[in-house]
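Asks: Given next are the chains, with one letter for each unit.
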Amino acid sequence: MTPLAVKNPTPVEQGYADAFATLEGADQARLDAWANFAAVGLPNRRVEEWKYSDLRSALKDPDAPLSLNAIGFSPAPSDRVLLEGAPALPMPALAASMAGAADVYRLDGDAEPVWIEVNVPEGAAHHRVVDVEIAPGATAMVQETYRVEDGAFLNLAIRYHLGEGATLQRIVRQEDGGEGVAVVTANVTLNTGAKLNQTTLAFGARLARLETHLDHAGENSDAQMDGAYLLTGRRHADITTLVSHCEPDCATRQTVKGVVAQRGNGVFQGRYLVQRAAQGTDARMHHDAILLDDGAQANAKPELLIYADDVQCAHGNTVGALDEDALFYMRSRGLPEAAARALLIEAFVAAAFGNVQNDTAREQMLEAARGWLADPDTGPEAAA
Amino acid sequence: MAANTDTAPAERISRETVSDVAGLESDKYKYGFQTDIEQDLAPKGLNEDTVRFISAKKEEPEWLLEWRLEAFRRWQTMKEPSWALLHYPPIDYQDAYYYAAPKTEAKYESLDDVPQELLDTYEKLGIPLREQEVLLGVEGAPKVAVDAVFDSVSVATTFKKELAKAGVIFTSISEAVREYPDLIRKYLGTVVPQSDNFFATLNSAVFSDGTFVYIPEGVRCPMELSTYFRMNAAGTGQFERTLIIADKGSYVSYLEGCTAPMRDENQLHAAVVELVALDDAEIKYSTVQNWWPGDENGKGGVYNFVTKRGDCRGDRSKISWTQVETGSAITWKYPSCILKGDGSQGEFYSVAITNGRQQADTGTKMIHLGKNTRSRIISKGISAGKSSNAYRGLVRINPTAEGARNFTQCDSLLIGHDCAAHTVPYVECKRRDAQLEHEATTSKLSEDQMFYAQQRGLNEEEAVALLVNGFCRDVLQHLPMEFAVEAQKLVAVSLEGSVG
Numbered sequence: 189m190t191p192l193a194v195k196n197p198t199p200v201e202q203g204y205a206d207a208f209a210t211l212e213g214a215d216q217a218r219l220d221a222w223a224n225f226a227a228v229g230l231p232n233r234r235v236e237e238w239k240y241s242d243l244r245s246a247l248k249d250p251d252a253p254l255s256l257n258a259i260g261f262s263p264a265p266s267d268r269v270l271l272e273g274a275p276a277l278p279m280p281a282l283a284a285s286m287a288g289a290a291d292v293y294r295l296d297g298d299a300e301p302v303w304i305e306v307n308v309p310e311g312a313a314h315h316r317v318v319d320v321e322i323a324p325g326a327t328a329m330v331q332e333t334y335r336v337e338d339g340a341f342l343n344l345a346i347r348y349h350l351g352e353g354a355t356l357q358r359i360v361r362q363e364d365g366g367e368g369v370a371v372v373t374a375n376v377t378l379n380t381g382a383k384l385n386q387t388t389l390a391f392g393a394r395l396a397r398l399e400t401h402l403d404h405a406g407e408n409s410d411a412q413m414d415g416a417y418l419l420t421g422r423r424h425a426d427i428t429t430l431v432s433h434c435e436p437d438c439a440t441r442q443t444v445k446g447v448v449a450q451r452g453n454g455v456f457q458g459r460y461l462v463q464r465a466a467q468g469t470d471a472r473m474h475h476d477a478i479l480l481d482d483g484a485q486a487n488a489k490p491e492l493l494i495y496a497d498d499v500q501c502a503h504g505n506t507v508g509a510l511d512e513d514a515l516f517y518m519r520s521r522g523l524p525e526a527a528a529r530a531l532l533i534e535a536f537v538a539a540a541f542g543n544v545q546n547d548t549a550r551e552q553m554l555e556a557a558r559g560w561l562a563d564p565d566t567g568p569e570a571a572a
Numbered sequence: 014m015a016a017n018t019d020t021a022p023a024e025r026i027s028r029e030t031v032s033d034v035a036g037l038e039s040d041k042y043k044y045g046f047q048t049d050i051e052q053d054l055a056p057k058g059l060n061e062d063t064v065r066f067i068s069a070k071k072e073e074p075e076w077l078l079e080w081r082l083e084a085f086r087r088w089q090t091m092k093e094p095s096w097a098l099l100h101y102p103p104i105d106y107q108d109a110y111y112y113a114a115p116k117t118e119a120k121y122e123s124l125d126d127v128p129q130e131l132l133d134t135y136e137k138l139g140i141p142l143r144e145q146e147v148l149l150g151v152e153g154a155p156k157v158a159v160d161a162v163f164d165s166v167s168v169a170t171t172f173k174k175e176l177a178k179a180g181v182i183f184t185s186i187s188e189a190v191r192e193y194p195d196l197i198r199k200y201l202g203t204v205v206p207q208s209d210n211f212f213a214t215l216n217s218a219v220f221s222d223g224t225f226v227y228i229p230e231g232v233r234c235p236m237e238l239s240t241y242f243r244m245n246a247a248g249t250g251q252f253e254r255t256l257i258i259a260d261k262g263s264y265v266s267y268l269e270g271c272t273a274p275m276r277d278e279n280q281l282h283a284a285v286v287e288l289v290a291l292d293d294a295e296i297k298y299s300t301v302q303n304w305w306p307g308d309e310n311g312k313g314g315v316y317n318f319v320t321k322r323g324d325c326r327g328d329r330s331k332i333s334w335t336q337v338e339t340g341s342a343i344t345w346k347y348p349s350c351i352l353k354g355d356g357s358q359g360e361f362y363s364v365a366i367t368n369g370r371q372q373a374d375t376g377t378k379m380i381h382l383g384k385n386t387r388s389r390i391i392s393k394g395i396s397a398g399k400s401s402n403a404y405r406g407l408v409r410i411n412p413t414a415e416g417a418r419n420f421t422q423c424d425s426l427l428i429g430h431d432c433a434a435h436t437v438p439y440v441e442c443k444r445r446d447a448q449l450e451h452e453a454t455t456s457k458l459s460e461d462q463m464f465y466a467q468q469r470g471l472n473e474e475e476a477v478a479l480l481v482n483g484f485c486r487d488v489l490q491h492l493p494m495e496f497a498v499e500a501q502k503l504v505a506v507s508l509e510g511s512v513g
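Chains A and B, in that order, give the protein sequences.
Following this note's numbering, the numbering of the first sequence begins with 189 at its first residue and continues without gaps.
Following this note's numbering, the numbering of the second sequence begins with 14 at its first residue and continues without gaps.
It cannot be assumed that every hint is accurate.
Unchecked claim - Simulated pairs of lysine-lysine, BS3-like, Cα-Cα distance not exceeding 30 Å:
| hint | chain 1 | residue 1 | chain 2 | residue 2 |
| --- | --- | --- | --- | --- |
| 1 | B | Lys378 | B | Lys399 |
| 2 | B | Lys92 | A | Lys239 |
| 3 | A | Lys239 | B | Lys353 |
| 4 | A | Lys239 | B | Lys384 |
| 5 | B | Lys261 | B | Lys199 |
| 6 | B | Lys199 | B | Lys399 |
| 7 | A | Lys239 | B | Lys261 |
To be verified - Anything over 12 Å on all C-beta distances counts as not near chain A; from chain B, calculated:
| hint | residue |
| --- | --- |
| 8 | Lys70 |
| 9 | Pro194 |
| 10 | Gly356 |
| 11 | Tyr404 |
| 12 | Glu452 |
| 13 | Asp487 |
Honestly, the hints are just simulated from the structure, not real lab data.
The C-beta atom is built at its ideal place from N, Cα and C for all residues, glycine as well.
Next up, chain B with everything else stripped away, as it sits in the complex:
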């Protein structure tokens, strides 16, 4: 019996992996379609008027407009960072739309008001927005509340009522600005300040929508929360801002997913995510990023410049980042933890897969400030095709971080002769009693394992998918169950065409 339960899912998953690879040979990126819907766009380009336009559209209070303008003025004095191992032509920030929304009234009272095109889009993406559809699903299946962000606005948030019963606030950030101004004012920009970095400052000036979550004291959020980002309009950038606050003793698991249509041009995505965990609170933040990566010649694709940071403000708080990065032409992303509270914990589990001409420079920062703080970093990078994949991470133990502990493991896998894998860790220790371990390896797929898998009847591509899934297991198992299966498929699909 025990043996059965052990092997059955594994077999099922590998079978699914194989069928996925086979089924998607012709159509690799199934999210590449475009939704034809009338758009409301801000004038092209970026100046103070754009910022005012966005703020006015959102009917924002005066203080927030000032906050945005301050960020914009600062942004104009800043230089785009160039230290990452990424190569891309200069971005013309004036040649993009900074706000795009479906033309019909942006805020829908109920799902019945949401235009059918949008509902269809999300259905096509496999994101159920109608609660009854979710409820009609398999009995006992976990419920997931979804906030769907379409270009610059949030179009629907599900399960709001049920969440409200538990006291959980789960809403779009523009709505939160109107309904919970005190919370927003108290926390917005306290983890990632306006002046943090070039892309975060740009986001502070022009952010359009995103998700706001507040979990009250002692509440364990009754369901998974999830935001689904969809970039649809041509020539737009997406700048969403997510703020999650877990009050004392609370727990929340949050997942975001992202896709975009296939386009020849490069689209800019510069998001900011701020997490705050107070005493004994825990936030689990998972990302499955599958923006359009561009075609095999490197044409098009999303430029993903994201600032994500979690602040373990309270004692014994915990923030855990899990990311599966398979999309985007360029990924520049370092989800970090500031471990301020005594006994707080930070975790970072990452799988980054690059294929074709994708480039990723991603990693984490663990800043230890409190006593007995612990952090763990597991990063798996896989490069195939002509892609480049870099892990860049910082572990810093400040003099106040008595008894701090870190473990870091970064493994890179190379598939093919033309790809690159880099590991750039920074370790800074200012405490005698800290204990830091870091190990990294880079190698190609084991020939012995490949031989074995093929000798058992798998073809080359199937064998690669199987081995890579095994390589990523340590990370994928930290994803919420239903997404872990999804992510496993994604791993296989991303590597399609990388052998032979």
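Only chain A is shown next, with the shape it has when bound in the complex:
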């Protein structure tokens, strides 16, 4: 059987098509995954969901070798299994067709925190599928760190399944990726009474996209989905969240903060979809961006799609410069300008970390933000 071809393929797409064609003994799920990817190809700005993140033109190297050891797990996954079914979205589908199997964690009540660390070396590509199942009533913490070097490409699909009353603290860090490309797509399912607390921190890359799909599949589930992006140079970061309220009385709250310096490009796309059955939904979304330099840009698309009437849904979105009055006040109290700016930015960004339950993790994120602010090479003051 010949795998489906991508229409008018770019060299990179052709490279994947060739790689897939040489695979032997791919199972049905893998074939389906490839078909799902091939139907769309690498998303570009003509695909509405990727309007502000043109992956097709960001990926340039058709010969990037697959790097299989780019990932580190601690502790080791419980299992590695063949795929059960193919993801529908193009990027997870590509990851599934390339990886062929998933690393599985089964976390119960006594599970220790999980670390997933990916470091894709220069010029290499890495595709991975990870499944995390959290037992009913269990409390889990997963910290993901992603680093891509120049010319590297990371495409990771991670699925979280939370049993009844389970709790997940998810912390995602996308380290400064220079000229690399990182795409991380998470699918989170919350059963009755389950709780997600997610915080994302992105420093951008040539293109970095942290996408989360969240399904409130059980009543009374609750999600806090915060995030921040700190960008400089020509880096791009895209925080996209698609939340689906399918059952009654679920809540979602979201605070995303962005700071963009030099010629950086920050993207926030948030969508709350409230199905007819999801009466009693309480959903709030907030995104604020500060632009520090001319040439910096912020693009936001905060959507509400509401099919139920007994709901409270709201979103807010602001974009602006640092508050000159506050800056003036601080300088009049004797703070040097650079310190005053850093303090204001830190206070602004810190709001995105306020819900991290683990003190160490929260402090680490703040520390990373401070480090970015102070860094003379990559920080916001580098150009000044």
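Since chain A is already given, all that's left is putting chain B on it; use the hints.
Replies: Showing chain B alone in chain A's frame:
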């Protein structure tokens, strides 16, 4: 005294709202009648000959025919957009008449020549075409000049002479093509180019009539201008084109209203409106759209695909859109402002109400190009019945728009379990010193407020009308006074039957 003036109108309005709802329970859409008048139709279908037919009927110059044909050729290569949150069966563009006009000579020298059926129609719609009737009205009542468009042609334009004294040109676009070809050639298609989008390109090929307004330098238009669109003939589309030019330092307030008879079939309406504001000019454009929305089962109704755009070309110019959208089975409409001039301002105030099986996808675009440009968007969406109502808007700050400022507020209200409300804003900022704020909320009518209103003696429907009118107040107050009252009634009527 002060307290009296504050409460009296409010009481009066709510009383009117209540009596309206009560009075219209049986006959919700009072504009659904049809005028029997002999029609002159273009052959059914759409091809180059149709375009030539329309152009010939209008006795147009060669360049305009070429312009139309170019648009038509381009349209054939275009695809109908599908991104809006709208669901409707594919439109057969060959199954419609693209030109319909009352058979008697289309251009009437004076109102005395206008067939009585037409005058009666407009009277029934509450649109006075006879100037003396307007003048006989309440003393001191503001005068409104009306251009009445019946299917494909403009049948009457009132107060032309008085306007001419001020130098204002207010005429149908076909007449303007003949009388002011230079102005038309200079401005037509400069805001919404032929190739802009599927529906605008279709309009460029087959537009039949519409309104042309030119306000000369420094003139404040002495009265409200208004166009009244009436779709009457069966199986026709209406494609009007409006062009308003406000020269330096001028001001004009313009209002359009639309109605159509109740029919089982879907009628297509694809209009284009172009506004140009030069230095220090201001255009206030208000729409009360009440096309036939179809019956409660979604049968019939007008498909309203409209491209409206204002170009703030001059420094310190201002364009303000106010719309009350209550009709149409499908509404696809995004009145926009291109803020080119330094210090120019764009405003968009919208109330969109959907009931029954209506669907609306409407909003605005504010494109900031000039320095210190400001825009403000207030959108209120109300969905009831089994309808769907979406706000879709774009605010874009280009790198040249130093010190740009935008404020956006979109609120949606849901009445009933089967309706939907969506908010799809796009915010794109490429300026450090820009300041953008956007907020949106979606909720149902407050139970506390409903309880309070009912406990004060209002029944459920009256209470809904009262609360909804309050919800829309920020927008309705931007309508010219006499239309604000009208719009308030319309809000109540549109929601009739949505509770219980």
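Asks: Compare the distance between the alpha carbons of Lys92 of chain B and Lys239 of chain A with 30 Å, and conclude whether the hinted pair is satisfied.
Replies: 19 Å, holds
Asks: Could you grab the alpha-carbon distance between Lys239 of chain A and Lys261 of chain B and see if it respects the 30 Å cut-off?
Replies: 39 Å, violated
Asks: Within a Cα-Cα threshold of 30 Å, do Lys239 of chain A and Lys353 of chain B meet the stated pairing?
Replies: 25 Å, holds
Asks: Taking the closest pair, is the beta carbon of Asp487 of chain B still more than 12 Å from chain A?
Replies: Non-interface label on Asp487 of chain B holds, nearest chain A Cβ at 17 Å vs cutoff 12 Å.
Asks: Going straight from one Cα to the other, do Lys378 of chain B and Lys399 of chain B come out at no more than 30 Å?
Replies: Roughly 27 Å separates the two Cα atoms, so the pair holds.
Asks: Given the hinted pair Lys239 of chain A and Lys384 of chain B, is their alpha-carbon gap at most 30 Å?
Replies: Holds, because 27 Å separates the two Cα atoms, which is no more than 30 Å.
Asks: Is it the case that Gly356 of chain B keeps its Cβ farther than 12 Å from each residue Cβ in chain A?
Replies: With a cut-off of 12 Å, Gly356 of chain B remains clear of chain A, as the shortest Cβ separation is near 19 Å.
Asks: Check the non-interface label on Tyr404 of chain B: least C-beta distance to chain A beyond 12 Å or not.
Replies: Not fine: 9 Å to the nearest Cβ puts Tyr404 of chain B too close to chain A.
Asks: Does the alpha-carbon distance linking Lys199 of chain B and Lys399 of chain B stay inside the 30 Å limit?
Replies: Cα-Cα ~45 Å, so violated.
Asks: Is the hinted pair Lys261 of chain B and Lys199 of chain B satisfied, with a Cα-Cα distance of at most 30 Å?
Replies: 16 Å, holds
Asks: Would the non-interface assignment of Glu452 of chain B survive a Cβ cutoff of 12 Å against chain A?
Replies: Non-interface label on Glu452 of chain B violated, nearest chain A Cβ at 5 Å vs cutoff 12 Å.
Asks: Take a quick look at Lys70 of chain B and tell me if its Cβ sits farther than 12 Å from every Cβ on chain A, holds or violated.
Replies: Per Cβ check, Lys70 of chain B is outside 12 Å of chain A; nearest 40 Å; holds.
The structure fails to meet hints 6, 7, 11 and 12 from the earlier list, while all remaining hints are met.
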